Amino acid sequence: MDDIVPVTKDGQLYALFFKRKMPVDGARFLTPPDASLQVGVFERPKGHRVHAHRHAEQDSAPTFGEFLYFEKGKAKVTVFDAEWEVLAERIVQGGDFLLFLAGGHMLEILEPARIVEVKHGPYPGEDAAKIFRDAP
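Taking the numbering used here, the leading residue of the sequence shown gets 1, the next gets one more, and so forth.
Honestly, the hints are just simulated from the structure, not real lab data.
Simulated restraints, written as ranges between beta carbons of each label pair: (1) Asp2 to Ile109: 22 to 28 Å; (2) Phe29 to Lys9: 22 to 28 Å; (3) Ile4 to Pro45: 21 to 27 Å; (4) Thr8 to Leu107: 19 to 25 Å; (5) Gly26 to Ala128: 37 to 43 Å; (6) Thr78 to Ala129: 17 to 23 Å; (7) Lys119 to Asp10: 22 to 28 Å; (8) Asp134 to Ala56: 40 to 46 Å; (9) Ala128 to Gly94: 27 to 33 Å; (10) Val86 to Arg49: 44 to 50 Å; (11) Glu117 to Asp81: 20 to 26 Å; (12) Val41 to Asp10: 26 to 32 Å; (13) Pro6 to Glu126: 26 to 32 Å; (14) Lys76 to Ala52: 41 to 47 Å.
In silico BS3-like pairs for lysine-lysine, Cα to Cα no more than 27 Å straight-line: (15) Lys21 to Lys76; (16) Lys46 to Lys19; (17) Lys119 to Lys76.
These numbers come from a predicted model, not from an experiment. Yeah, the Cβ is synthetic: ideal placement off N, Cα and C, and Gly gets one too.
Use the sequences and the hints to build the structure in full.
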């Protein structure tokens with residue numbers, strides 16, 4: 001299985017699943033250059049220095065994107081398009097990570113999990129932040 005598994009429909013990228021044991025030599029960016037969130041993996045030797053820097057502001061304002069890192073545990077992740085059609089179902093486990101760029105998603109926790117989430121802010125509150133397929 002490839003170390004990066006894209007979920008697409010009609011040429012649109014909905015999600016990327018990243019396996020925990022992917023080869024990296026130095027720096028490897030995993031997302032397309034036009035993705036609203038950029039994900040990279042770096043492996044550096046002792047003594048390597050990243051020079052002091054800051055990032056230039058960008059004109060574009062992304063409206064959607066969510067990154068999940070599964071530190072431990074196991075889950076079934078379902079990816080949906082905007083009409084709630086299932087595009088993919090994948091099992092993820094500790095060390096795997098994924099990026100949602102469009103559509104919807106659902107998680108079913110199969111083993112106790114610790115998940116780190118990164119998404120765009122500011123957070124408008126639960127009622128304004130999510131559109132649910134079914135009432136929770």
